[in-house]
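Protein sequence lines, in the order shown, are assigned to chains A and B.
The number in this note's numbering is simply the position in the first sequence, starting from 1, with 113 added.
The number in this note's numbering is simply the position in the second sequence, starting from 1, with 113 added.
Calculated directly from the structure, the hints in this document are not laboratory data.
Among the clues, some could well be false.
It does not matter which identical chain is used: a pair holds within one copy or between any two.
[Unchecked claim] Subject to a maximum C-alpha distance of 27 Å in a straight line, what follows is the list of computed BS3-like cross-link-like pairs (lysine-lysine): (1) LYS245 x LYS333; (2) LYS169 x LYS360; (3) LYS341 x LYS150; (4) LYS244 x LYS226; (5) LYS263 x LYS341; (6) LYS135 x LYS349; (7) LYS156 x LYS189; (8) LYS305 x LYS135; (9) LYS214 x LYS245; (10) LYS360 x LYS341; (11) LYS329 x LYS263; (12) LYS349 x LYS361; (13) LYS333 x LYS214; (14) LYS244 x LYS313; (15) LYS338 x LYS211; (16) LYS251 x LYS329; (17) LYS150 x LYS313; (18) LYS329 x LYS156; (19) LYS333 x LYS169; (20) LYS135 x LYS313; (21) LYS329 x LYS214; (22) LYS313 x LYS260; (23) LYS263 x LYS251; (24) LYS338 x LYS361.
Number of protein chains: 2
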Amino acid sequence: MISVVILGAGNLATHLFKAFHKASEISVKQWFNRSLKPLEPYKNLTETTDDITSLKAADIYILAVSDDAIAGVSSKLPTGNQLVLHTSGSVSIHDLDKSYKRGVFYPLQTFSKNASMDFANVPICIETIDKKDLPVLKELAAAIGSKTYKVNSDQRRALHLAAVYVNNFTNQLFRVAHEITESQSVEFDILKPLILETAKKVQELSPYSVQTGPAKRNDKKTINKHLKLLDNEHHKAIYELLTSSIKKTHGR
Amino acid sequence: MISVVILGAGNLATHLFKAFHKASEISVKQWFNRSLKPLEPYKNLTETTDDITSLKAADIYILAVSDDAIAGVSSKLPTGNQLVLHTSGSVSIHDLDKSYKRGVFYPLQTFSKNASMDFANVPICIETIDKKDLPVLKELAAAIGSKTYKVNSDQRRALHLAAVYVNNFTNQLFRVAHEITESQSVEFDILKPLILETAKKVQELSPYSVQTGPAKRNDKKTINKHLKLLDNEHHKAIYELLTSSIKKTHGR
């Protein structure tokens with residue numbers, strides 16, 4: 114049985130609490146947040162507190178707080194033998210206070226406030242100062258059904274950056290597509306199966322090998338047709354940059 | 114029973130043949146291609162020909178040929194009462210020869226050479242010169258399990274353009290992410306669940322409403338960290354443009 118104290122009450126903290134609470138091998142001893150309000154709905158499931166000086170002893174303290182708060186919160190933790198983990202993609206493991214055993218437990222996924230998340234679909238990037246602490250991180254992840262990947266801080270930062278491309282930037286391309294379809298009063302719904310298929314294709318094959326389209330073929334006629342259709346300068350800039358990017362990748 | 118002649122032997126033609134062949138309400142009378150070679154594997158399933166002057170009578174001739182070939186092929190068809198359809202997203206319905214009943218049957222999806230495609234996941238955009246011809250197009254699509262959307266030529270062109278953003282450009286972002294992870298010798302696999310979840314999210318909610326990340330929050334600290342990490346000028350240009358695009362969309 115792994116005993117855990119969760120710190121923070123955001124999206125990730127809440128998803129972690131739910132997953133930990135369900136796992137038979139994990140006991141959530143306590144849940145801390147500066148304000149008790151967001152913890153209200155869970156107060157019958159675990160002990161909640163807003164007093165950081167009264168944290169219970171546990172195997173693991175997991176900090177699911179904002180990046181900027183990690184160093185500050187970790188310096189205020191009561192002394193003890195616990196392993197202190199942060200959950201951020203871009204913060205160094207060395208931001209954690211030196212008095213503790215330290216590690217990182219970074220779930221690489223996008224969490225929605227209301228939708229539940231199956232942690233089988235959440236890869237967890239783990240890192241520890243002392244490699245003796247790795248097994249318990251693996252157990253913690255396994256208990257909620259997640260796969261773990263041992264990555265160092267540079268690799269984690271690269272993943273965090275790459276995640277912006279495949280999540281935020283990709284989603285912005287969907288937004289631009291939405292604007293384009295709306296401008297012609299046509300349903301964005303028509304594009305949804307293509308969006309899903311595009312994501313499914315790269316589950317098995319590399320993005321390089323599945324690329325198609327006018328830029329890959331260097332089909333100037335279609336590219337020029339498209340550029341003529343684009344009256345939004347902003348959409349056009351994205352079209353031009355990504356077309357040149359594809360050409361570069363495929364040696365056109 | 115709808116009788117069909119297929120023209121062309123590319124990816125789409127082959128997927129359409131397989132779907133039509135399986136559908137009990139459709140009979141593929143003949144399959145034409147300039148060269149018989151790609152039709153070899155199917156010659157026991159339907160009549161194949163490379164002689165456009167000897168096409169059989171059928172309810173529908175479906176042109177799954179390259180955009181540039183549509184006008185030429187349609188002008189060489191034998192006279193008859195068939196409905197002639199092209200399958201392109203960017204070619205006008207008026208490129209088809211005027212002597213025939215004309216329509217467009219544009220499947221908005223990405224097809225792989227080897228993977229099979231369930232046409233339930235392929236929305237078909239339909240258009241006809243004469244609205245009396247619409248019902249048979251709907252029947253044809255329904256017979257292979259596809260949903261139809263009636264769109265005019267301008268709308269179809271907008272969809273074709275938007276499809277480049279959600280398919281080719283999105284896939285290129287996956288490629289950039291692949292390059293970033295490779296540069297730190299970390300597995301691209303770790304990003305795959307996030308890629309899938311990003312596509313799933315917009316199946317139910319708008320891309321606008323699900324956006325997250327440093328650009329949306331105008332989190333300059335993280336943005337600057339990311340820009341510093343990017344040593345590839347090309348990756349950096351994409352980061353900057355899409356960050357400014359997200360800021361614009363979300364009024365930052």
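Against the structure, the hints:
Taking the shortest Cα distances, LYS245 and LYS333 never come within 27 Å of each other, neither inside one copy (58 Å) nor across copies (36 Å). In this assembly of identical chains, the alpha carbons of LYS169 and LYS360 never lie at most 27 Å apart, being 57 Å within a copy and 42 Å across copies at closest. With identical chains, the CA atoms of LYS341 and LYS150 are never at most 27 Å apart, being 53 Å at best within one copy and 38 Å at best between copies. Taking identical chains as interchangeable, the C-alpha atoms of LYS244 and LYS226 are never at most 27 Å apart, the minima being 34 Å within one chain and 46 Å between chains.
Proximity of LYS263 and LYS341 under a CA criterion of 27 Å is satisfied inter-copy only: 24 Å between copies versus 48 Å inside one chain copy. In this homomeric assembly, LYS135 and LYS349 never come within 27 Å of each other (Cα to Cα): the closest approach is 48 Å inside a single copy and 42 Å across copies. In the homo-oligomer, the alpha carbons of LYS156 and LYS189 lie at most 27 Å apart inside one protomer (23 Å), although the nearest pairing across protomers, at 76 Å, exceeds that limit. Proximity of LYS305 and LYS135 under a CA criterion of 27 Å is satisfied inter-copy only: 25 Å between copies versus 33 Å inside one chain copy.
Taking CA atoms no more than 27 Å apart as the test, LYS214 paired with LYS245 passes inside one copy only; the shortest distance there is 10 Å, against 75 Å between copies. Proximity of LYS360 and LYS341 under a CA criterion of 27 Å is satisfied in both settings, with 19 Å inside one chain copy and 25 Å between copies. Taking the closest pair of Cα atoms, LYS329 and LYS263 never come within 27 Å of each other, the shortest separation being 35 Å inside a single copy and 29 Å across copies. Both within a single protomer and between protomers do LYS349 and LYS361 lie at most 27 Å apart by alpha-carbon distance, with minima of 18 Å and 15 Å respectively.
Proximity of LYS333 and LYS214 under a CA criterion of 27 Å is satisfied in neither setting, with 58 Å inside one chain copy and 31 Å between copies. Taking the closest pair of Cα atoms, LYS244 and LYS313 never come within 27 Å of each other, the shortest separation being 35 Å inside a single copy and 36 Å across copies. Taking the closest pair of Cα atoms, LYS338 and LYS211 come within 27 Å of each other only across two copies (24 Å); inside a single copy the shortest separation is 60 Å, beyond that limit. Taking CA atoms no more than 27 Å apart as the test, LYS251 paired with LYS329 passes in neither setting, with 42 Å inside one copy and 33 Å between copies.
Taking identical chains as interchangeable, the C-alpha atoms of LYS150 and LYS313 are never at most 27 Å apart, the minima being 40 Å within one chain and 31 Å between chains. When the C-alpha separation of LYS329 and LYS156 is checked against a cutoff of 27 Å, the pair qualifies neither within a copy, at 55 Å, nor between copies, at 32 Å. Neither within a single protomer nor between protomers do LYS333 and LYS169 lie at most 27 Å apart by alpha-carbon distance, with minima of 66 Å and 36 Å respectively. Taking the closest pair of Cα atoms, LYS135 and LYS313 come within 27 Å of each other only across two copies (24 Å); inside a single copy the shortest separation is 29 Å, beyond that limit.
In this assembly of identical chains, the alpha carbons of LYS329 and LYS214 never lie at most 27 Å apart, being 50 Å within a copy and 34 Å across copies at closest. Taking the shortest alpha-carbon separations for LYS313 and LYS260, both the intra-copy value of 19 Å and the inter-copy value of 20 Å come in at or below 27 Å. For the identical chains of this complex, LYS263 and LYS251 are intra-copy neighbours only, at 9 Å inside a copy versus 52 Å across copies, given an alpha-carbon limit of 27 Å. When the C-alpha separation of LYS338 and LYS361 is checked against a cutoff of 27 Å, the pair qualifies both within a copy, at 21 Å, and between copies, at 26 Å.
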